[in-house]
Every structure is written in C-alpha cells, then in structure tokens.
Amino acid sequence: MKIVDAARTNADPDLSDPDAQDAGSWDVEADDDRLTILVRGHWDLRMALRADAELRETDLGGAARGVIDLTAVSMLDTMAALVVMRLARRIEATGATVELRVADSAHRSLLEQVEQAQIPPPPRRRMNALTERVARVGKWAVLMATDTRDLLAFFGELCVVLLRIVRHPRRLRFVSMVANMQAVGLNAVPIVGLLSFLIGVVLAYQGADQLRRFGAEVFTVNLLTISVLREIGILMTAIIIAGRSGSSFTAQIGTMKINQEVDAMRTMGLDPMEVLVVPRVLALALTLPLLGFYSDIMGLLGGALMCRLNLGINFDAFLNQMNQVLAIYDTSLWVGLAKAPVFAVVIALVGCFHGLEVSGSAESVGQRTTISVVQAIFIVIVLDAIFSIVFSALQI
Amino acid sequence: MSAASDDDIIIRVRGLTTRFGSQTIHENLDLDVRRGEVIGIVGGSGTGKSVLLKEIIGLMQPTEGKIEVLGQDVTADPEGRDIDLRQRWGVLFQEGALFSSLTLQQNVEVPMRELSDIPESLMEETARVKIAMVGLPPDSAVKFPSELSGGMKKRAGLARALALDPELLFLDEPTAGLDPIAAAKFDELIKHLRESLGLTVVMITHDLDSLYAICDRIAVLVDKRAKVGRLEELLADDHPWIREYFHGPRGRAAAAGKTA
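The listed protein sequences correspond, in order, to chains Y and U.
Everything in the first sequence is counted per full-length UniProt numbering, starting at 1 for the first residue and increasing by one.
Everything in the second sequence is counted per full-length UniProt numbering, starting at 1 for the first residue and increasing by one.
Keep in mind that the hints were calculated from the coordinates and are not lab data.
Mixed in with the good hints there might be a few duds.
Far from chain Y, by Cβ distances over 10 Å, these chain U residues were calculated [unchecked claim]:
{"no.": "1", "residue": "Ser146"}
{"no.": "2", "residue": "Glu188"}
{"no.": "3", "residue": "Pro249"}
Computed, partial: chain Y to chain U, Cβ under 8 Å [as the list claims (entries may be wrong)]:
{"no.": "4", "residue": "Leu49"}
{"no.": "5", "residue": "Asp77"}
{"no.": "6", "residue": "Leu211"}
{"no.": "7", "residue": "Gly215"}
{"no.": "8", "residue": "Ala216"}
Note that the Cβ used here is the ideal one computed from N, Cα and C, for glycine as well.
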C-alpha cells in the first residue's frame, strides 16, 4: 500500500453550493486493470459508518491496480480514515496494488497513523469452558487458602502489637479508640435496639403459637429468655455490626491505602497496625459486649410486650417466670456475653485485614468490602456453632 | 484581538463573575479562544484556573456572565442545549480520571459507545488507533489503569479525550507530575496532534517550558480577570505578578531553554 501526494482537486461542479459540498460522497470506477474509488467532501463519523456498510457489499475484485483518490476530501476524521484503510486492505487482499492519493498533509499523517496502528490486537488466550471453570475453582481455592493464611498471620501480628502495647501503654491511640467506640458502639444503639426488639416480638409470637397447642403458653417466657440471652441477642448484634462497622473499616482503610496514606504512615515510622487496627479492634471488643447486653434487654422487652398482648402474661408474671428459668440456667447471660469479645475481634480483624489488602482501584475497595462482610458473618456463625458444642460438652 | 472575526472565536467568555460565599474568584472576566490556537491558562493558586475550566465545560455554573462554546451557551438551561457539544470536545483531567474498572481499550471506547450505532469492530480499531496516536504501546490496551504509570495514565486519558475526534481539547495541567523528558514528549505530542487533527487546545499549566514550547497565546489570571496576550506581550507587561512569573528564576531558565 502506498500513500502518495497529489494535487488538490475540487469536488464535482454540481457540488459547488456550500450545503451539498458539506456532505461526503464516493464513486467507484472500474475498468479491466484499474479500480478507482473517488472519495469526496466531508467525511466524518456518520459518513464513515454509511460508507463502511455500503462498501462492504461492493464488488472489488478483478483489477490489478487499485486507486483510492482522496484529493477532493475536505474533512477526514479517524473513523473515516479507518474505513478508507479497511477498503484499501480489502482491495489489496484481492491481489491488487493499492495507491492512496491525498492532497492534504493532515489527511496524510492521519492515514499513516491509522496504518501504523494496524498491529493486531494482543492474542487473547481462550480456554474451553470446562478448563476455564476448573481453573476458576482452582484460583478461588488458592486465593481462599492464601487469604486464610494471611488472615492468621495478621492475627498473630495483632497479638504481638497488643503485647507491645501492654508493655508500653503510652503507645495506645486512646483518642482514636474512643472515637471508634462512638462510631461503632454508641451510634449503633438505635439500629441494634430496634432490630433486637423486633426479633423478640417475632420469637415470642411464633413460640406462643406452638406452645399454646400444649397449653404451655407460659413456657414461651422460658424459650424467649434462654434463646435471647444465650444466642439471638449476641448473634444479631454481631451480624449487624459486621455489616455496619466491618464494612466501614474495610472501606476506610482501603481508601487510605489507595491514597497512599498507609504508605505515608509507614515511612514516618508509624505502624498501621498500631495506628489503624488496634484502636478499632479494642473499640469493638469493648463496645460489642455492651451492645450485646443492650440487645438482650431490648429482645426480652419485645418478647414481654408480645406475651402481654398475645398471651395476657403481664410484666410481673413475665419477670417472675424469667427469674425461675434463670435460677436453673444461671449461666445463660454469661454464655451469651462471653462470646461478644471474640466476635468483636473477628469482625474488626477481618474488616481491617481486607482494608489493608486493597490494591489499586476503587473497584478493589468494593470487592474487599463485600468479602470482608461475608467472611466476618461466616466466621461469626461458625464460631457460634463451635461455642455451642463446647458449652454443651462442658454442660454449661 | 479585535482582528479575529466572529467565526474564528470558538470560546467566548463575557462578564464572568464567580463567587463562593463572600469570596470573589472572577470578576467581570472576558476571554476569547480562537479556532486552531493553543491557549495556556496560568495564574497563582486560588486564582480560579480550574474553576474557569469547569465553568467552560459546564461542570459548574458561574454566578454571573455568559459562556459560549462552539456557538452554544453553556450557562443556559442544559435541557435546551445541544448534546452534540459534548461530542465535539474532549477533556483530560489532571490524573487522567480513567475508569478504574475498565481496561484502557474499554476506557477509550466509552465515549464512542454513547453513540450507539458504531459497529464493535470499528470501535475497537479506532481505540487502537487512538492508543497508538498518544504513543502508548499496543499491549497497554488490555491493561487496567492501576497497572499504568502516571505518565501513561495521562496519555491514556488523552486517548479517551480524543476518541471522537473533538475540535476542542481541554487539558488540566497535562505535564504536572511528569519528569522533564516525559513532559517535553507530551508537549511534542500535543503539538503534533494539534497539527494533524486541527485541534483547538485550552490548557491549564504551570509548566513554563510548555508555555514556551506550544502555546500561541497565554491567559494570565490576575486581579480576578484574565490578561491575554502572546508570550512577547506578556514578557513586556509590568504587572508585578506577571513580571515575577516570567522573569523569576524559573521563567528565565525556561526562556533560556527556548532560545538555546
């Protein structure tokens, strides 16, 4: 393919009025050994699209020499140049030599650039569907394994830093911890209270419905007390906080990571573990038991209200029955609350870990936040199951 | 300035006033940009260079005044405005502002996708041409922005800004953060693109070398207005800030580099 300079020619005389000249057009002239395509006028995107569609159907075969004459073109944009190049390439593919005649140096340079950019796209490795699926599962498994290992290493690092802080209590970022306690604890009071109250209502309602068939309505109180204190209260709180604060830890720290704030800290000799992670972990470890206790109370209140409305058990009778239950199962409250600090550490740890794992882009923040919440809730529920088994084995 | 005919003026800013609360950034500012020129906007920090740019491209509303771009009033109600305008200009933001979830190729295709009827293969090829035009290697097309260096991100942002062959190109500090060699290459690139694509370029810059190398005229934002002129005219200006800007140590070094 050759690009040659030629003298500028004017468009056809009948295109001399300015309106008509503005539009682009083309003509194909073919004789035995020569195919000439005359391109005229204003060639922009729209024109290029039309020409591309129509020229595709034009028969180009036969001639030994192809000439594309662009000397009457008044305007040529990149897509139009591409379409011209495609045309030239198709003529070349029939075995003909191709000559592009241009009058304008800007058009020439555009065509040259378009020609140079014709490097084939980097080969995309295609796997068949099955291997691709297997590969995806494999990648996922490896990622899970390394993630778990890194999370454990992170927990170890946290323990080391915590020990260091115990020995040098001045290293604790007290202000940051209190600020986090407000954000994750105090500010979560309304939502935790409301949801726990509603769960209490639902539990009492469903329990009462079933127990009434045996004439054992009053045991609704037993059901409610034991399940709320041992399991529901703290589990609900942990799940709400994982969604509310675990995600915010990941997003906050992740954004700081992208902004290079974390790198800045490291260069100043500040340990992100000490500055970012420890205050959050401690704040949550201190506030989650309180929130759990509060959730217990709200859950029982919701249940008491339902018992009053549905079963006619008044408030005094409810408390009385509750006391009798707790006299036998006297560890219930502590069994529930003992789990709170463990869940708190898990939520904060997973949230901070994924925040620090963020790399590169805004998309990574989103991905890591999702993983962080799912993983935190997953681990919390698994641990809760383990706790149940251990407590029942210990007969607590 | 009066020599330019009406047709040649591609951006016309008249009586522009911008206030944030009690703080006045621009007061009765006038500015004309002529077709085919490269105009540099300079000024100290806080003089409203970026604000002016945002007002011209319609991201921000001025307090008072009128701005016409390509004959259309951008301060008017956007409802009545021709959407075509956005296909006729390209903007390069300071850090490139590439979409981080898309590859470079997909980033360049975004403006084209807005015009729904372009066939996929043509879009792909055009993106490839644009990527080559700004001097990026072909294999960078499949990379994500986070895998590109700062200079490459700017070039990629430029490729996206050029996707629809705009007549008008806005650059916000195109050479900031680039090493001198990369900055000089970027200047060359702009110069080359302007010649081959017939662009009009409006650039905010602090880079004195860029001003010497590629700007036809310079608008200096001082005293809440724009003082526009050719480099020689501004060199002779006796406003204290302009004097310090062009005759300070860096200004002299840039001038020496130009004449050497």
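Against the structure, the hints come out as follows:
no., hint, in the structure
1, Ser146, "violated (3 Å)"
2, Glu188, "holds (14 Å)"
3, Pro249, "holds (30 Å)"
4, Leu49, "holds (7 Å)"
5, Asp77, "holds (4 Å)"
6, Leu211, "violated (53 Å)"
7, Gly215, "violated (61 Å)"
8, Ala216, "violated (57 Å)"
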